[in-house]
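Number of protein chains: 2
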Amino acid sequence: MRLLADEGITYPQGYRAAAVHCGIRKKALDLALIVSDRPAVAAGLFTRNRCCAAPVIVARRHLGSKSVRGILVNSGNANAATGAAGIHAAERCLKETARRLGCAPAQLLVASTGIIGVPLPVERIIDALDELVANLSPANGARAAEAIMTTDTFPKQRACSVALRGGTVRLGGIAKGAGMIMPNMATMLAFITCDAQIGRTRWQRILRQAVQLSFNRITVDGDTSTNDCVFGLANGASGVAVDREEEHTLYKALEALCIELAQLIVRDGEGATKFVTVVVEGCRRVREADAIARTVANSPLVKTALTGCNPNWGRVIAAAGRAGVAFDPDRLDVYFNDVLTVKNGCAAGVSKAVLDELFKQKEITIRIVLHEGRASATIWTTDLSHEYVNINVAYS
Amino acid sequence: MRLLADEGITYPQGYRAAAVHCGIRKKALDLALIVSDRPAVAAGLFTRNRCCAAPVIVARRHLGSKSVRGILVNSGNANAATGAAGIHAAERCLKETARRLGCAPAQLLVASTGIIGVPLPVERIIDALDELVANLSPANGARAAEAIMTTDTFPKQRACSVALRGGTVRLGGIAKGAGMIMPNMATMLAFITCDAQIGRTRWQRILRQAVQLSFNRITVDGDTSTNDCVFGLANGASGVAVDREEEHTLYKALEALCIELAQLIVRDGEGATKFVTVVVEGCRRVREADAIARTVANSPLVKTALTGCNPNWGRVIAAAGRAGVAFDPDRLDVYFNDVLTVKNGCAAGVSKAVLDELFKQKEITIRIVLHEGRASATIWTTDLSHEYVNINVAYS
Numbered sequence: 044m045r046l047l048a049d050e051g052i053t054y055p056q057g058y059r060a061a062a063v064h065c066g067i068r069k070k071a072l073d074l075a076l077i078v079s080d081r082p083a084v085a086a087g088l089f090t091r092n093r094c095c096a097a098p099v100i101v102a103r104r105h106l107g108s109k110s111v112r113g114i115l116v117n118s119g120n121a122n123a124a125t126g127a128a129g130i131h132a133a134e135r136c137l138k139e140t141a142r143r144l145g146c147a148p149a150q151l152l153v154a155s156t157g158i159i160g161v162p163l164p165v166e167r168i169i170d171a172l173d174e175l176v177a178n179l180s181p182a183n184g185a186r187a188a189e190a191i192m193t194t195d196t197f198p199k200q201r202a203c204s205v206a207l208r209g210g211t212v213r214l215g216g217i218a219k220g221a222g223m224i225m226p227n228m229a230t231m232l233a234f235i236t237c238d239a240q241i242g243r244t245r246w247q248r249i250l251r252q253a254v255q256l257s258f259n260r261i262t263v264d265g266d267t268s269t270n271d272c273v274f275g276l277a278n279g280a281s282g283v284a285v286d287r288e289e290e291h292t293l294y295k296a297l298e299a300l301c302i303e304l305a306q307l308i309v310r311d312g313e314g315a316t317k318f319v320t321v322v323v324e325g326c327r328r329v330r331e332a333d334a335i336a337r338t339v340a341n342s343p344l345v346k347t348a349l350t351g352c353n354p355n356w357g358r359v360i361a362a363a364g365r366a367g368v369a370f371d372p373d374r375l376d377v378y379f380n381d382v383l384t385v386k387n388g389c390a391a392g393v394s395k396a397v398l399d400e401l402f403k404q405k406e407i408t409i410r411i412v413l414h415e416g417r418a419s420a421t422i423w424t425t426d427l428s429h430e431y432v433n434i435n436v437a438y439s
Numbered sequence: 044m045r046l047l048a049d050e051g052i053t054y055p056q057g058y059r060a061a062a063v064h065c066g067i068r069k070k071a072l073d074l075a076l077i078v079s080d081r082p083a084v085a086a087g088l089f090t091r092n093r094c095c096a097a098p099v100i101v102a103r104r105h106l107g108s109k110s111v112r113g114i115l116v117n118s119g120n121a122n123a124a125t126g127a128a129g130i131h132a133a134e135r136c137l138k139e140t141a142r143r144l145g146c147a148p149a150q151l152l153v154a155s156t157g158i159i160g161v162p163l164p165v166e167r168i169i170d171a172l173d174e175l176v177a178n179l180s181p182a183n184g185a186r187a188a189e190a191i192m193t194t195d196t197f198p199k200q201r202a203c204s205v206a207l208r209g210g211t212v213r214l215g216g217i218a219k220g221a222g223m224i225m226p227n228m229a230t231m232l233a234f235i236t237c238d239a240q241i242g243r244t245r246w247q248r249i250l251r252q253a254v255q256l257s258f259n260r261i262t263v264d265g266d267t268s269t270n271d272c273v274f275g276l277a278n279g280a281s282g283v284a285v286d287r288e289e290e291h292t293l294y295k296a297l298e299a300l301c302i303e304l305a306q307l308i309v310r311d312g313e314g315a316t317k318f319v320t321v322v323v324e325g326c327r328r329v330r331e332a333d334a335i336a337r338t339v340a341n342s343p344l345v346k347t348a349l350t351g352c353n354p355n356w357g358r359v360i361a362a363a364g365r366a367g368v369a370f371d372p373d374r375l376d377v378y379f380n381d382v383l384t385v386k387n388g389c390a391a392g393v394s395k396a397v398l399d400e401l402f403k404q405k406e407i408t409i410r411i412v413l414h415e416g417r418a419s420a421t422i423w424t425t426d427l428s429h430e431y432v433n434i435n436v437a438y439s
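Same order as they appear, the protein sequences are chains A and B. Its first residue numbered 44, the first sequence is counted upward by one per residue in the working numbering. Its first residue numbered 44, the second sequence is counted upward by one per residue in the working numbering.
Just chain A, with the same shape it has in the complex (with noise of 0.2 Å):
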């Protein structure tokens, strides 16, 4: 299954959408609608970090709604830690954007992303809607892809078809990545459509599964962010059914649709040099593998070791043995993209020159293997570079 680089949230069949500048930021797009001509059942996944953000809140109540319209999403401002007043003004764009496009309140999900801690500019949004609204258009995709970029260096949307017996559904995407505005939270978005008609229960399984093997797979720097959050929205505008049988052919491409998004926000998470896939095998649980691999894949140490192209493999294992997971040292195997360079817990004798070589690659995969069980945990991540905290220590 081919994945189509120019085309995103509007290649399947009845959506449309729209991005305007409303002035939350300096000049680059800031709000964008994305709209199902139809009534479309949705799914969505969130954050769960406990100061978890206004619109967070309101969309997972809106999530209950037997159809859904369409995601309204600012960037520029997070309305988190904005308290009742924040939801209220999510609410607010929420109830004027429906009377625009005549549908109940409840049938929008709405996103922020941008700095915390300010109240949003209400005004702005509902002064922009009408524009907003006036320009859903199936040709604006891309457009909303950029607005709701923050410190993005590039928009993240793929597309793709897959054929059913019925005939072919259309899935698309969009996603902004780990970066901060101003320069402020990390926050993750992905907005995902689809045209199959689907029931609302499994299109949230389906989509729950694609979120785990994928967003849930990355990470840049290990800081959750208030304001994370995947919408999927399904309306059968095809007119394909999926039934049980092929729920799985439409969960491969949803969830290779999710893992090239993913991997995107990663190979542009902020300051990165490289591409690192951290690979854990040979675990008792896949909780122990997915423990260690995100120790990896956290740790400052083997980032910056990443950063200065450094084979300093002591510190992958260092940070392995300070997961919390039992294991026995003396076994440990570990590969530098294919290359066993430490075996039963020891230098493996590969030469200073092969590694140099190795750790000089733009992609790297760490693979550790414990020899403990079967289990298994990918994560994929960056490195720490001077770049990551230029961007970081920088006040406005």
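Among these hints, one or two may not hold up.
Repeated chains share a single entry, so a pair holds when one copy, or any two copies, can fit it.
Stated by the list, open to error - Derived pair list, reagent style DMTMM-like, types lysine to aspartate or glutamate, alpha-carbon separation capped at 25 Å:
1. Lys403 / Glu174
2. Lys138 / Asp381
3. Lys403 / Asp381
4. Lys109 / Glu174
5. Lys69 / Asp173
6. Lys395 / Asp381
7. Lys69 / Asp80
8. Lys69 / Asp399
9. Lys395 / Glu166
10. Lys403 / Glu430
11. Lys405 / Glu430
In short, the hints are calculated from the structure, not lab data.
Based on these hints, arrange chain B on the given structure of chain A.
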């Protein structure tokens, strides 16, 4: 109780120390020996890293000895990820040292700090032992503090006296910080000497408690080393026995000494521009307070905000919210140096000018109050500066 800055491990009676350059590092002192003239009871705490180093394995075993005579420590090589050969190397060094001191090898503890995965240059160490033993003197405590440094920018030693009913006892200590060598593994070592008469079990208990509230409350980059250890010797040379009633008096002095040494490590943390205290109060459980304090202290976004003197309190509440602890975000208060900045989860209305001034301070206390219970925890940490990245991306 006053801590002396120009005294260290040879301040208590009956201890001598020596340090030499044996050739593991290029120029600096890299081998030290601390000896008690009489048999001492020994206590030790070790890294919980699964991939612990050979000296950790050997020292843990020797701590079972009824009495201990000394500690051999090298910098420049961690003797970690070196397998059975590493254990044999550590044992050989101790055997040769014991022969020269006229004690059993099991009466010596061993510690190493430096690069991981490189065989310990045993011959260089053994060749230096005659000179090392010849130099043993009560005057050389400061040289030992110097010999355990890696990327530390200053040696760390403190000492104090404690008046008990039976007379005065003394405590001394040295420590090295979370630095890299060549540049490699963050390693924290600390050695405490005492001339009180105290039983091994009680000495171990009060040392464990003091470490829990000092060295275990600091983090520079969250990367627990393979080699961390704290050893404490109590040799009774003062002739003053510590009875059960006075144990607490000795404990408080030991705790103060350990806290001071731990804070020195943080102040000398790699690239540190700030000394940061994170206090979390009002939790249901201490481990919950601890989890939040550590998550905030290790958050790259909080750390870079501190480096940039950027009063971005949103990053603090976002980090608190992702610590895996259940709490009501609408009751969360956050103070920076006693200024209430976040009240009930929202901005408390402190002016930007006041916040900017606060964040310029070199010492910042972040106090997070949850109002869920009465448990609290404190963590001391640093920021994340360009210099941290500089130090850790470099290869050699």
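Which numbered hints are broken by the structure, listed smallest first? Of the numbered hints, 1, 2, 4 and 7 do not hold.
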